[in-house]
Amino acid sequence: QQKAQFQAQVHNFTDICWDKCVDSPGSKLDYRTETCLVSCVERFIDTTLAITNRFTQMVQKGAH
Amino acid sequence: QQKAQFQAQVHNFTDICWDKCVDSPGSKLDYRTETCLVSCVERFIDTTLAITNRFTQMVQKGAH
Amino acid sequence: QQKAQFQAQVHNFTDICWDKCVDSPGSKLDYRTETCLVSCVERFIDTTLAITNRFTQMVQKGAH
Amino acid sequence: AQELLQRMTDKCFKKCIGKPGSTLDNSEQKCIAMCMDRYMDAWNTVSRTYNSRLQ
Amino acid sequence: AQELLQRMTDKCFKKCIGKPGSTLDNSEQKCIAMCMDRYMDAWNTVSRTYNSRLQ
Amino acid sequence: AQELLQRMTDKCFKKCIGKPGSTLDNSEQKCIAMCMDRYMDAWNTVSRTYNSRLQ
Chain V
1 QQKAQFQAQV HNFTDICWDK CVDSPGSKLD YRTETCLVSC VERFIDTTLA ITNRFTQMVQ
61 KGAH
Chain Y
1 QQKAQFQAQV HNFTDICWDK CVDSPGSKLD YRTETCLVSC VERFIDTTLA ITNRFTQMVQ
61 KGAH
Chain Z
1 QQKAQFQAQV HNFTDICWDK CVDSPGSKLD YRTETCLVSC VERFIDTTLA ITNRFTQMVQ
61 KGAH
Chain U
1 AQELLQRMTD KCFKKCIGKP GSTLDNSEQK CIAMCMDRYM DAWNTVSRTY NSRLQ
Chain E
1 AQELLQRMTD KCFKKCIGKP GSTLDNSEQK CIAMCMDRYM DAWNTVSRTY NSRLQ
Chain G
1 AQELLQRMTD KCFKKCIGKP GSTLDNSEQK CIAMCMDRYM DAWNTVSRTY NSRLQ
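Chains as they are written, first to last, in our numbering: chain V, 1 to 64; chain Y, 1 to 64; chain Z, 1 to 64; chain U, 1 to 55; chain E, 1 to 55; chain G, 1 to 55.
Where hints are given, some of them may not hold.
[As the list claims (entries may be wrong)] Keeping only pairs whose Cα atoms sit at most 30 Å apart, straight-line, the calculated DSSO-like set for lysine-lysine is: (1) E:Lys19 - G:Lys15; (2) Y:Lys20 - Y:Lys3; (3) Z:Lys20 - E:Lys15.
[Claimed, not checked] To list a few chain Z residues with every Cβ distance to chain G over 10 Å, as calculated: (4) Gln2; (5) Ala4; (6) Val22; (7) Glu34; (8) Phe44; (9) Thr52; (10) Lys61; (11) Gly62.
Hints were generated in silico from the structure; no laboratory data involved.
Even for Gly, the Cβ is constructed at its ideal location relative to N, Cα and C.
Model the full assembly from the supplied sequences, consistent with the hints where possible.
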């Protein structure tokens, strides 16, 4: 079940990062696109963490 | 369960109306954006009602 | 249940092909739009088959 | 029909309502009615095409 | 809150991260915080409007 | 693999088929094959990156 969740996330990230990084698919995955995909996943996870942390703080302060 | 349905609709409306009304998020929810959000929800509900009524009439007349 | 699956596909195809073929809805479904919708469904099914076949071959050759 | 109504509402709201105003004005109402008819036409065309492909 | 967090993350990532770089830079972090606040404002406005319409 | 095939088909149909014609022409077929390979590359890159982040 953990594997299913991992795969669901990979599908989701691939969907989002494909749109951000791939214009027209070429005959190879070039270096630029690969770097973009790696950064996209990393920054998406950073964004998720930033939002979750900030939200938790707000809830604890009762601001929401 | 009614609360869950209400919240699901709020998520859905926020998604649609965010794209219609918010270009770049500013330091406050300005008056213009707030008005747009309120109208967006109201007009979306109007659209739903208009479509549902018209569809019901069609089904009753056997036009579909 | 087969009927439900058929209808789910029709909803899905209509969604995709509406975006590809209909710019602004007119007072009739004109010939050009109708032709586009028919081709859109046909080509989408072709694409699905092409991708599924190629994927199956890859799995059989152990390339993936 | 629930699924059809939902998808039709989403598509026609996006097509017909530019900046939402204080009421659905006349041209928006006409656009919605026309969009709805064309969406059902499209649904029927797609359904027929898919069905004949399955034969 | 899970659903809210997920949708907010999707929207704010799309709005604030143009080309993803090697870190979240300062302006991206500020954009995310602001986007998050505005998204919750929007959620509350929508919720209030929908609720009063149901009365 | 069902989910992968579905998402890949959606993305590659959108990228490779402009105005759908009476057959899949040669350049569309090539585009689909290439798109499919790149989509799987992307999936693998994403999977590796996410996995190393979880360690």
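Here is how each hint holds up against the structure:
A C-alpha spacing of about 20 Å is found between E:Lys19 and G:Lys15, which places the hinted pair at or below 30 Å, so the restraint holds. Distance restraint check for Y:Lys20 and Y:Lys3: the Cα-Cα separation of roughly 26 Å lies within the 30 Å cut-off, and the hinted pair is therefore satisfied. Of the supplied pair hints, the one linking Z:Lys20 and E:Lys15 holds, its CA atoms being roughly 25 Å apart against a limit of 30 Å. With a cut of 10 Å on Cβ distances, Z:Gln2 stays outside the contact zone with chain G, its closest approach being about 17 Å.
In this structure Z:Ala4 is separated from chain G by more than 10 Å, as the shortest Cβ-Cβ distance comes to about 17 Å. Remark: the non-interface label on Z:Val22 is consistent with the geometry, its nearest Cβ contact in chain G lying 13 Å away (cut-off 10 Å). Here Z:Glu34 stays apart from chain G, with its beta-carbon at least about 12 Å from theirs, past the 10 Å limit. Against chain G, the non-interface label of Z:Phe44 is violated: not every CB pair exceeds 10 Å, the least being about 6 Å.
Against the 10 Å criterion, Z:Thr52 falls within the reach of chain G, whose nearest CB is about 6 Å from its own CB. With a least beta-carbon separation of about 14 Å from chain G, Z:Lys61 lies farther than 10 Å from that chain, consistent with its non-interface assignment. No Cβ of chain G approaches the Cβ of Z:Gly62 within 10 Å, the least distance being about 14 Å, so the stated non-interface status holds.
Checked against the numbered hints above, the structure violates hints 8 and 9; every other hint is satisfied.
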